[in-house]
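Chemist: One letter stands for each residue in the lines below.
2 protein chains.
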Amino acid sequence: MGAHFADRLLSAIEDKGAPACVGFDPQLEQLPPELLGRAGPADAASDDAAVRALEVFGRGVIEVIAPYVPAIKINIAFFEPYQEAGIGAYRRLVAHARATGLIVIGDIKRADIGHSATRYADGHLGREDSADAVTVNAYFGIDGVRPFIAASGSGEHGVFVLVQTSNPSAATVQDVVMNGGGSFVEHVAAMVQSWAVDEAPVGESGYSCIGAVVSPRDTDSTRRIRALMPSCLFLVPGFGAQGRTADEVATCFRSDGTGALVTASRSIIYTQSRTPSRDWKAGVDEACRELVAQIRRVVHAG
Amino acid sequence: MGAHFADRLLSAIEDKGAPACVGFDPQLEQLPPELLGRAGPADAASDDAAVRALEVFGRGVIEVIAPYVPAIKINIAFFEPYQEAGIGAYRRLVAHARATGLIVIGDIKRADIGHSATRYADGHLGREDSADAVTVNAYFGIDGVRPFIAASGSGEHGVFVLVQTSNPSAATVQDVVMNGGGSFVEHVAAMVQSWAVDEAPVGESGYSCIGAVVSPRDTDSTRRIRALMPSCLFLVPGFGAQGRTADEVATCFRSDGTGALVTASRSIIYTQSRTPSRDWKAGVDEACRELVAQIRRVVHAG
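Heads up: the protein sequence lines correspond to chains G and U, in order. Quick note: the first sequence uses our numbering, first residue 1, plus one each step. Quick note: the second sequence uses our numbering, first residue 303, plus one each step.
The hints are simulated quantities; they were obtained by calculation from the structure and are not laboratory data. Only true hints are included.
Estimated spans, in silico, between C-beta atoms of each pair: (1) U/G416 - G/R296: 28 to 34 Å; (2) U/P532 - G/E128: 46 to 52 Å; (3) G/G180 - U/S496: 24 to 30 Å.
Quick reminder that beta carbons are idealized off the backbone N, C-alpha and C, glycines included.
All chains should be modelled from the sequences, with the hints used to inform the complete structure.
Modeler: Here's what the structure looks like:
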């Protein structure tokens, strides 16, 4: 058995000196043109050709970022349009990223009733070739999460439960006010904290293998969510393209400077669409180093 | 462009004389032994062998049930443990079921923020080889659903949004009481109704291509949810193995006897594990005919 997920992640964050994660959400139209063949995206019209381009791009991104950041989040949604070929590429990239020493979060956002959730867990966690951690949806309650805990190998793998998301319509579901005050998202946060300590192994660091996806909406609500979930590591999307400010992100950390892993996706991997003449790997390299510097400033300011 | 999804489904229900759907949730351990080879599940230890067995079983189930029911719901969770081989089998079974004339619901329960949800929709709806409808999760609000509406081909395809689920812990999320009374699930129900009429095409029948997954918890709450969602077809899981009563299921229908498609899964496809000596197709045949008869009684009693 390996070390607990939270301990592994915190140790990797310390090694790299920043709680930074690159999100890999690859879209064919945004790939460096040289990966697509002379005709551009049209050359990659078949699923196999498209997947080959995504995979070459992914391996390049992984190699560039591995020295700078502790973790990568790979979003399976961007592979599913290519059906079985896409799933194969997702798996190979997960394995390649792990082989380079990155901690890999499989952004799969699955959940179902128990016996179906078990099958999702079988597919995506605790296998030789699966990610170190996955994201799951909270709508079913603990039944949709427990099979992933069971597949976590006594906490060696992590499970990030969606708590607060970054999209515009999230508030229509997540910010509704409950009887007795407090928002629905605070109810979910308190529930996930109880799962984190009652249902799942806690590491030496005091953090559970159950974490939470929390995209800060404003500093006040984020501070309340942080206080409700002392045992959960936060996976914080939306630094960069989704426009979260440094202050908002800083409130995702506990006062000891631990407790969050901050993710930027499009702003790191699509630098070439902003500066087409430049070598794409040099662009990713620079953007990744800048991300690390920004996140260090956030942690130290927090 | 084809007919609207709701009109197609209602017409298929009328043709078969019952709003019945078979859920296909295949587990290797429950397959008829003759499909697994002489050594049983151990013979199907490789992903490829396992997937071959699931696929033979699936084609058999489809052929047996197609004369009796209008629809099949295929749960992708049961294919994902087998990675790319599993996704290939899921796709081929979806296509085979459609070719036999069944309406196919891809039970994928996906959702993400907009640009990621778009990729899930690209993978699972509106393709030549994809399902007639899919299930999606409501946690992101309309942003997680709109890309599926966009992929619906002006309503030719359907999108069932998870509203009330059947699992034991569902209540911890879905039954929490809101400020001003009413449960969270009623809030979601009202929201999905507004999407169904404001965001999505409504068919000649008056039903939208946006439907809802509603597993009745008791007759009172189900009656309230039905009243909140007059424009939504309900996909009702849990008839049979999940133990919903006829009374509870009857409240999912509108007073005109339309408005719901009732699904049974394990009680139909796993008859052989209850009567091992019998030909498995004969068992599925009998269970499917009994399902249709039971659901007819429910509709007429409602």
